[in-house]
Every structure is written in structure tokens, then in C-alpha cells.
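Using the sequences and the accompanying hints, generate a full structural model.
Taken in sequence, the protein lines are chains W and Y. Here our numbering is used: position 86 in the first sequence is 87, and no number is missing along the way. Here our numbering is used: position 214 in the second sequence is 1495, and no number is missing along the way.
Hints should not be assumed to be uniformly reliable.
[What the hints assert, rightly or not] In the DSS-like style, the derived pairs of lysine-lysine whose C-alpha atoms are separated by at most 30 Å in a straight line are:
hint: 1; chain 1: Y; residue 1: K1557; chain 2: W; residue 2: K185
hint: 2; chain 1: W; residue 1: K152; chain 2: Y; residue 2: K1385
hint: 3; chain 1: Y; residue 1: K1528; chain 2: W; residue 2: K209
hint: 4; chain 1: Y; residue 1: K1528; chain 2: W; residue 2: K185
hint: 5; chain 1: W; residue 1: K270; chain 2: Y; residue 2: K1385
hint: 6; chain 1: Y; residue 1: K1339; chain 2: W; residue 2: K127
hint: 7; chain 1: W; residue 1: K152; chain 2: Y; residue 2: K1522
hint: 8; chain 1: W; residue 1: K269; chain 2: Y; residue 2: K1385
hint: 9; chain 1: W; residue 1: K270; chain 2: Y; residue 2: K1391
hint: 10; chain 1: Y; residue 1: K1596; chain 2: W; residue 2: K152
hint: 11; chain 1: Y; residue 1: K1300; chain 2: Y; residue 2: K1359
hint: 12; chain 1: Y; residue 1: K1359; chain 2: W; residue 2: K185
hint: 13; chain 1: W; residue 1: K185; chain 2: Y; residue 2: K1522
Hints listed in this document are in silico derivations from the structure and should not be mistaken for laboratory results. Keep in mind it's a predicted model, so treat the numbers as computed, not measured.
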Amino acid sequence: MKTKKTIFSVLFLLTLVFSFMQKGIQVFASEVPNITTNYEIVPGETTNARIALENTDTVSHAYTLNTGQLPEGFNGYFSLDGNVVNNITLDASQKNIIDFFIDVPLNTSVSDMSIPLEIIRDDGVKESLSVSFTLNQDYALSISSNIQSLKAINGDSIVLEIGVTNTGNKDLTDLSLQVDPPYKWIVENVNPTSLTLKPGENSLYELKVTIPSSGQAGQYPINISCTNSDVTSNSISIPVNVSTSANYFWWITGIIGVLLIFTILYFKKHGRR
Amino acid sequence: MSPMLVVIKKEITDALKNKLFLIILGMLLLLTIVSVVLGSYQVKVSLDSYNQSISFLKSLGKTTFPAAPNLNPLSSSKSFVNYIGLLGALLAMVLGNASVVKEKRSGTLKLILSRQIFRDTFLNGKVIGNMILLFAITFITSIISLVSVVVISSVPISSGDIVRMFLFFLMSFLYMTFFLVLGIFLAVLMPNGNKALLITVIIWLVISFILPQIGDTMDMDNQLPGGFFSSMGMNKADTQKVLDHFKFYETTRDGIEQMSPTKHYERVGFALLNIKPGFEQNTALEVLSIKWIDVLGLLAPSIILWLLAYMVFLKRENIYQE
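Shown next as C-alpha cells:
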């Protein structure tokens, strides 16, 4: 009888220990309302997946957050209360919502993907979760220019041609060019002011920018993008190498030359003393 | 020894006995050392802070690291631009004025010119002798700067950086040369040495402080703290519209700034030292070719004043009188 009691006691203790050992991490990707495991991503934009992480243990633990291999050009990171984090600490039974942000490159060929996320507890216990993303290609726009860099003289106007392509599946209307020129440069005109593009269609914008005559010599970037209410394209930066008009050089050299001739004549007239 | 070499030698010896010159030179060297050492230390602090962050990320097992901050070792010479603008110019003016006035006051000018030495040779000796002094000063300060940057900041310095630094000091030399020639020209032009020095200082104040200040003050966006356009709640498109109507005003404002060698020195200096962004990818010689107007803005006034000094000195009959 005594032996039976001892065996039961040991079994009870073992059960208790095992039950405690099973307590670990619980990761939910749909723990709170409006949280799903499948997210829509848009080229050139950032999407966030919300993950609920719960410490189901009776003691506090630190957790390391890792992402699996991301497709080329994608960037993923975790965020808690607006701060980028790689580690978080949860008290016993505490639960927290972590955002997993993913930056989607503009020209991605990926349509659907699943990203494995791994949460490792400080005692080595691991929990994995897979978050899937589906690419929304309805609205996508890209701009390009053949001009790598430009040379100009201060006071001149430069004309740029910007190609714009509707790479999405839907029509894009009221597209306008957003030009961010250096300070005091003047955007004279943008032709056309507005565009409508069907899927796969492309067109050209002609842009005229005037460099002020007081502009100093140097390299200045003109940043350009295209936008409408649905989508914003990639941004391109065209460096413009501004040099000073050679007229100034000839004027100054001319003045020095005239003065030099005058000095020589002056010396000839009065002789050396 | 040719008469000009004698004048050059005498000029250097005299300057090293001039107390005012030595005091200003001492202040300039002291400020240069302090500013460069502090600048280099600041670069070192930034580098150490970045290295600590990388070590911390490595300890967390990270393999991707943030880009290194812009550790521009040349930026340690930034304050030097201001010191040359103040003390360097003052030093050159004192040298220029003293080189002529001391000869008048001691009566040696009459004695020298009664010997077989032409007035233009005498003037050349004065200018070249003092230019050698100024060149020696800038060379010494450039070596101090370079050594401080290499030893203190621990940031690797490339051969391109060294060329940039020496060209910057060459620009500083050209800037000081302008004030030297200005000092000599006015000392030759005016019978009273003290008045000549006073006028030189007034001209220095005008072209170094008033003209750039007028340029800054006339800039529409500088009318209110934080920028006129942003204070008025104007976006970039509206700002462009306003600026479009003030092209002539803007050209006039720039013209006033262009009259100041100090502004030219600042522009080419900041471009060479990579303090002004946009020149990081250029070689030192490319920077000079882009900023040729500023190099010319430093050279041309000196040449013009030198030629004018020849003509004035040749014709003046009462040159011996103080």
C-alpha cells in the first residue's frame, strides 16, 4: 500500500513537472479582431502584419524575434509601440501585440509568398509562425529617365523627359508629376499637366526647369515622382552639374588684360624709376 | 645677390621682429591648433560611437549594420575658415601696411630708392617677401591640421583628402595675399600710414562682413527666423511662384555677394573640405574646376591691386613723406 502511494506520488509529481514544462510561448496571428494571417501587399509600399505574443509561463522571459529568408528587395522588421525591436521581454502570462513590417520593392515579380517567423525564448524554446502575403497589382506605376546626369550653366533652362508606365492591372487617371527641385530653381512647365494611362501603357512628361543665374556651381539633384489618388510611383533623382557661365571669366580676364596693357604703356611713357 | 632678393630677405627678417605681427600670428596658430584638435576629437567621438553600435549589434548576432555616419576628417578644419577670415586677413593687412610705412617712417625708403634699385623691383620684393611669409604660415598650419586629423581622429585619410586639404590651404593663402596687396596698395597710395591702415581695415570690414551680410539679409527666405516661406505657410510651388517674380532682385543680391573675396573663399573652402554637400564624388581638381569663379574671385582683385600699386608707386613724388 505504501509502495503504491509512493508510486502515485511520484507519478503525480512527474505529471505536474511535465505540465509545467509544456507551458511556453503562444503565438497568434489572429488573436485580436481584424488580425489575419494573410495580408495584401502593394508594390512600393509597406504592409504590417500584427502578431500576438503571449508568455504562458509562470516566470518572465526574453524573446528573440527572427524572420526567415525574404525575397530579393524585400525588407522586414519587427516593431513594438513604434520602435524597431529584435528582442522583447514578457512577464508571466503577459501578452503583447507586435507589428511585423514588410517593405515591398516597386518592381517585384513575387505575387504570393509566405514568410516564416521564429520566436526564440531565452531558454531555447522555439515557436514558429508563417505569415502569408498576396500581391495587389491593381495600381502600380513606374517612372524612368534615360538621363543619368545633366550639365547646365547657371541662368539656363533645362528640359527633361520622364517616361511613365502603368504597371498595374487597372486604369490610372489624373496622374501628375511631382517635381522637387533644388531651392530657388523654377519649374517653368510640365507637359502634359495630367495623364491617364491604361494597364501596360506608357507616356512621356516633358519638364522645363530654370536654374537661377545666382545659383552657385555644384551638383544638385532634381527628385521626381508621379502620383494620383491611388498610387505613387518610384522616385528618381537626376543630378544636375551646374557650372558658372564662361562670360564671367572673359569679363574678368578682359579687365585684367586691359589694366596690364595700361600698366605697360604707363611704364613706357614715364620710364622705370 | 640681386636687389629684389635683398628686399625679400629684409622683409622676412623685419616681419619676424614686428611685435604686432608676432602677436597676431601666435593667436592664429593657437586658435588653429585648438580648433583642429577639437574638430578631430569630435570626428573620433563619432567614429567610436559608431563602432560601439556595431559591436553591440554583432553581439546580438546581427549581420546587417547601419551605414557608417559621414565621418569627414576634413571638417575638422571648418573653424579655420573663420579664423583666416578674421585673423589671417588682419595679419596680412598689418604686414602689407608695415612693409611700406616702416620704410617711410625710418627714412630708409629715400635711402633705398636713391640706390640702383627700380621702384617696381622694390615693390616686387615687398610683395614677394611677404607672400613667402604668408605661404610659410599656411603651410605650417596645414601640416598641423593634417597631423592632428591623422593622429587624433583615427579616421583613415585618403590621398584625395590630403590634396583637398592642401588646396584649401592654398586658397587660404590666396585670400590672405589679397589683403596683403590691399595693405601695400593703400600704404603706397596714401601719405599717412595710419590712415592707410584704417582705410584698409574699413575695406576689410565692408567686404568681409557687410557685403556678405547684405547678401544674406536680402535673401527673401532669411527675413524671418525659420524661413520666410515656411513661416508664411507657403509650399514649394508657391515659393517658386514668388521667386519667379524676383529674378532681377536675386541677381542683384548675388552680384553684391560676388564682390566679396571672403564669400568666394568660404564657397571654395567649404566645397574643398566637403562641408558643403554635393562635392563628395569629385576630385580636388574637379572641385576647383567647378568653383573656378571663386578661385578667380580670389586671384583677380590681387592682380588688379598689384598693377595699380605699380602705377601709383612709379608716379608718386612725395612717397618719402609720412
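Going through the hints against the structure:
no., hint, result
1, K1557/Y to K185/W, "17 Å, holds"
2, K152/W to K1385/Y, "54 Å, violated"
3, K1528/Y to K209/W, "17 Å, holds"
4, K1528/Y to K185/W, "10 Å, holds"
5, K270/W to K1385/Y, "27 Å, holds"
6, K1339/Y to K127/W, "22 Å, holds"
7, K152/W to K1522/Y, "24 Å, holds"
8, K269/W to K1385/Y, "27 Å, holds"
9, K270/W to K1391/Y, "23 Å, holds"
10, K1596/Y to K152/W, "49 Å, violated"
11, K1300/Y to K1359/Y, "28 Å, holds"
12, K1359/Y to K185/W, "26 Å, holds"
13, K185/W to K1522/Y, "10 Å, holds"
In summary, the structure is inconsistent with hints 2, 10 from the numbered list given earlier, while agreeing with the others.
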